[in-house]
Amino acid sequence: MEKGKGVMGSGGRRWAVDLSDNSTSRDIPDPPGFSRASLDQDDSTLSRQKKDAESNWKAQKAWEVAQAPLKNLLMMGFMMWMAGSTVHLFSIGITFSALWQPISALQSVGKIFEPYKDNKVELLGPKLLFIALNLGGLALGVWKLNALGLLPTHTSDWVSSLPPAQEVEFSGGGVNLG
Amino acid sequence: MAMAIRVFLLLLFFLSSTNIGFSLFEDQVGLMDWHQQYIGKVKHALFHTQKTGRKRVLVSTEESVVASLDLRHGEIFWRHVLGTNDVVDGLDIALGKYVITLSSDGSILRAWNLPDGQMVWETSLQGSKTSKSILYISKNPKADKDDLILVFGKGSLHAVSGIDGEVLWRKDFAGESIEVSHIIQSTDKIYAAGFVGSSKFYVYGLNADTGKLLKDDHTILPCDTFGELLSVSGDKFVVLDKMRSKILTINIKNGEISYKQKLISDLIKDSSGQAVILPSRLPELFALRIDSHVLTIKVTNEDDLVLVDKINNAAAVSDALSISEGQHSFAFIQHEGSNIHLFVKDVNDWNGDLLKESIIIDHQRGNIEKIFINNYVRTDRSYGFRALMVMEDHSLLLVQQGEIVWTREDGLASVVDVTTSELPVEKEGVSVAKVEQNLFEWLKGHVLKLKGTLMIASPEDVVAIQALRLRSSEKSKMTRDHNGFRKLLIVLTRAGKVFALHTGDGRVVWSILLHTLRKTEVCEHPVGLNIYQWQVPHHHALDENPSILVVGRCGPSLAAPAALSFIDAYTGKELNSLRLAHTIAQVIPLPYTDSTEQRLHLIIDIDRHAYLYPRTPEAIGILQREFSNVYWYSVEADNGIVRGHALKSNCIHKIVDEYCFDFRDLWSIVFPSESEKIIATVTRKSNEVVHTQAKVMTDYDVMYKYVSNNILFVANAAPKATGEIGTATPEEAWLVIYIIDTVTGRILHRMTHHGCQGPVHAVFSENWVVYHYFNLRAHRYEISVIEVYDQSRADNKDVWKFVLGKHNLTSPISSYYRPEVTTKSQSYFFTHSVKAIEVTLTSKGITSKQLLIGTIGDQVLALDKRFLDPRRTLNPSQAEKEEGIIPLTDSLPIISQSYITHSLKVEGLRGIVTVPAKLESTSLVFAYGVDLFLTQIAPSRTYDSLTEDFSYALLLLTIVALVAAIFVTWVLSERKDLQEKWK
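Residue numbers (full-length UniProt numbering), protein chains in the order written: chain A, 1 to 178; chain B, 1 to 983.
Treat the hints as calculated values from the structure; they're not laboratory data. Misleading hints may appear alongside valid ones.
Unchecked claim - List of simulated lysine to aspartate or glutamate pairs, EDC-like, C-alpha gap at most 20 Å:
hint, chain 1, residue 1, chain 2, residue 2
1, B, 797, A, 157
2, B, 844, A, 30
3, B, 705, A, 30
4, B, 695, A, 157
5, B, 705, A, 122
6, B, 685, A, 167
7, B, 801, A, 122
8, B, 806, A, 157
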């Protein structure tokens, strides 16, 4: 009803039959082959609905994308567990990829959520989730790095190239030259 | 990605599969190392030129070497180094095929096969007392009979068969207390003549076949005698009297002794100097040196003395040489400026010269000390002569037809001290022609190498490649190289000569015979003591040449006058020399340099004064600034005292000398003389660079090394166990080890090894000391290691302090803080006895260390310090294994590939010197003894450079091939794409 009025008011039409307005003539059965649903296929309504669906879908997708790192996280965890705790090529490679993935993902947060950008869709939630999960991944990577002993968290990492202290005194000599 | 991983893995595999010991391949010998063989100063020489075969000269030297040299080139045919306590006293030829040597004070007689030097027999001669030794071989005229070898040694006369060395008879003279000085044979009788005391002359007649005493006679000379008795002919002797004014002529014809005496002033009028009879054996003649003249005096049949000739400026007189029946000749040398005149004269015909030649000899060789002559028959049937000359610098020359045929630098067999100097920096600007030629050579070389790598090289190519590698001009250039492999080794020899050797190929760059170390009337027995780096310009004084300080002294006593010489290290010119007014007991290079980078040195004399050198006001200024921080210590090994001193004030002298300082005693450590005697002391090398003060343990724990330059290791043995191994029982032998701070005199560590004794060889580096000794209980040698850690720094564990840089671990420290130290130590058995022990030094001290052990077999063994790690346990944990800790074994392994001398021997090894190269991974090792050997070693392999034989051409080719492949595949893929799209 409201929709019809809106339409009439907008154009300079003399008259119009609102075929979609079926609220008053419910007693007349629909003709065979007529589907009431197709009546909603009005152009503007259609686009509206489509937009609606799309934004719904976008929101849904955004959430999906936001949750994607979780899978990655689990996968990484598994690989790390497989790689063991000794420093060798694979463990270093995996650790560094575990560090690199979240960082690159975090760098391109905007780009990843670009397709789902919509003024109707609330992206903050998915983004936050995404960031949180990636940060989790990063934390996992750092933890692994530490587990491998590659983080300078020990005193030994800081003193290993400490030059010996200078001495104030000098003393020389020895046995007499023979 | 997978490909990259695979390549990386492959690379890792290659790296890990290269041998842990850095052994060489056969074709790498001589690439980085050189070896030079010497014999030392010749004492006796015998020519062997009769046969048509190879002409040779047999020599025995002061380094106890017996050698056979090629007369044509001076090369060594064979050589035997008998060792320092087996000094050769006599050398002769028996039976025409055996070289007979008498050594060890006349107790060991050996026969060597003349052509190849194999030992034929050895006889040990017994005797009861020490005496001088004489070797006399009675040449049997009949060829089929045995030569009788008569040896006087250890107070008895032995007759030894020349064929098998069997002692035929022995006559003991120990009871008679006679010092036999001559053995004379006449047909079947043997006379032994000598003195009892210095005036009683005895002659014993013995049966040559049985050794039975036939008769003895003696006479008492009217005066005491001086010097050696010289045999003039079979039965005549001459000797000087004690006042050196009379000549006594002794005749023992038929065993009857008669003597005559004659005043020297009767022979020559205006003589004032001390007379000396020269030891040249001339028939019926003898040579007497007085002032700078040599008088030749004939002994007539009536035992009268007749002056034959007076030779001015004569330097050396040879023994007589029998050239034909009844004709004897001898040679003498006359110096005239830089010219040297060689005369050969007939003994009987004094007027004519058989030969007169003048030769110019490099004046850096000094005077001629000894001359040996030999004759040959020229094509016109006249006699020619060749002369072997031993020079003042111990070098050996062969002169023939007025020319020097060959020379041998045998002074290098007695290196006393070694230091190094950098070479000059390469000048800018290289000529184009040189570059072009170099480029062509470079390309050719690389093509050859490439062929070698791809295994398509022909045998000739392989030879060419090897030759190319060996005589790479790169390594013998006279300029500094980027890696610091090229340096000058500056060595001081016993003769007082300084040589500069190039590390690339070992050639002598310059040599100088120091006049301060030459024998003069004032300085009878000069000795070169040490050599120091005087001036090492690096930064602001680059235009100056580096210079070297040589410290010498007249005679072995500490009170003898001393001299300093300063030598330019590039040119070998003496810049300055000082004869010091004070004596030298110690020379202390201080860690301070002046504005021209001259190092300050303190010289301590025996009268308890310290003198500062260089004597400049600037040096005084520098020393005044550091006055209270300069200490020194003295080790009195005989008294068992170590004392510490500090500078006090200027000397209180009659003459004011502001470069002279008094010092005060600060502390002294007196070891109990009844239980301990100092046998070895060692300190850290002052030029050693330590990279870090921390040592990281397996559990990320940190231990701080106690790194100090003022630290002294002292090894004391029980007084009863200071002799040879085996003279003391384990109960009365012990070894006490001290580590002492030489500033405060504090004993940081003390340890006793029971049942152990010396000799102790030790090396101190960073915070550890490694020492080698003998364990009497285990009957084996042991090596121990002590590591010293600074416990007072151990609580620096807060990471945040380090992150923020809020720690004081690198701030200057004083020994007076008395830091708490802990030590870790461990001992291992070691198979070899050791002659020298040294450690590798690298320029930054990052590379792991190797111990260089000079073994008794005169080789140098490189042993990783990892084997001498006190943290070794029987079952190291996984983490410890990963860190490289080797499971503990009771003995240290000797891996035959880790002999850095590979198949060579450094005969008579006396010392090892390591010099860091500029390349961190590598250090140069110089081992010296009778031979010299230099090589480069990389204890952790050359991780910072490509190997010398790396094929750049192959690399280039690979890159080009890869680029081409990329291009081709790109074109192909483009084409395929296009086809795909058209489908």
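Verification of the supplied hints:
1. Of the supplied pair hints, the one linking residue 797 of chain B and residue 157 of chain A holds, its CA atoms being roughly 11 Å apart against a limit of 20 Å.
2. Restraint check for residue 844 of chain B and residue 30 of chain A: not satisfied, since their Cα atoms lie roughly 98 Å apart, outside the 20 Å limit.
3. Between residue 705 of chain B and residue 30 of chain A the CA atoms are separated by roughly 99 Å; this puts the pair beyond 20 Å, and the hint is violated.
4. Straight-line distance between C-alpha atoms of residue 695 of chain B and residue 157 of chain A comes to about 11 Å, which keeps the hinted pair within the 20 Å bound.
5. Between residue 705 of chain B and residue 122 of chain A the CA atoms are separated by roughly 62 Å; this puts the pair beyond 20 Å, and the hint is violated.
6. Restraint check for residue 685 of chain B and residue 167 of chain A: satisfied, since their Cα atoms lie roughly 15 Å apart, inside the 20 Å limit.
7. Restraint check for residue 801 of chain B and residue 122 of chain A: the C-alpha separation of about 46 Å exceeds 20 Å, so the hint is violated.
8. A threshold of 20 Å between alpha carbons decides the hint, and for residue 806 of chain B with residue 157 of chain A the separation of about 15 Å falls inside it, so the pair holds.
In this structure, the hints that do not hold are numbers 2, 3, 5 and 7, in rising order.
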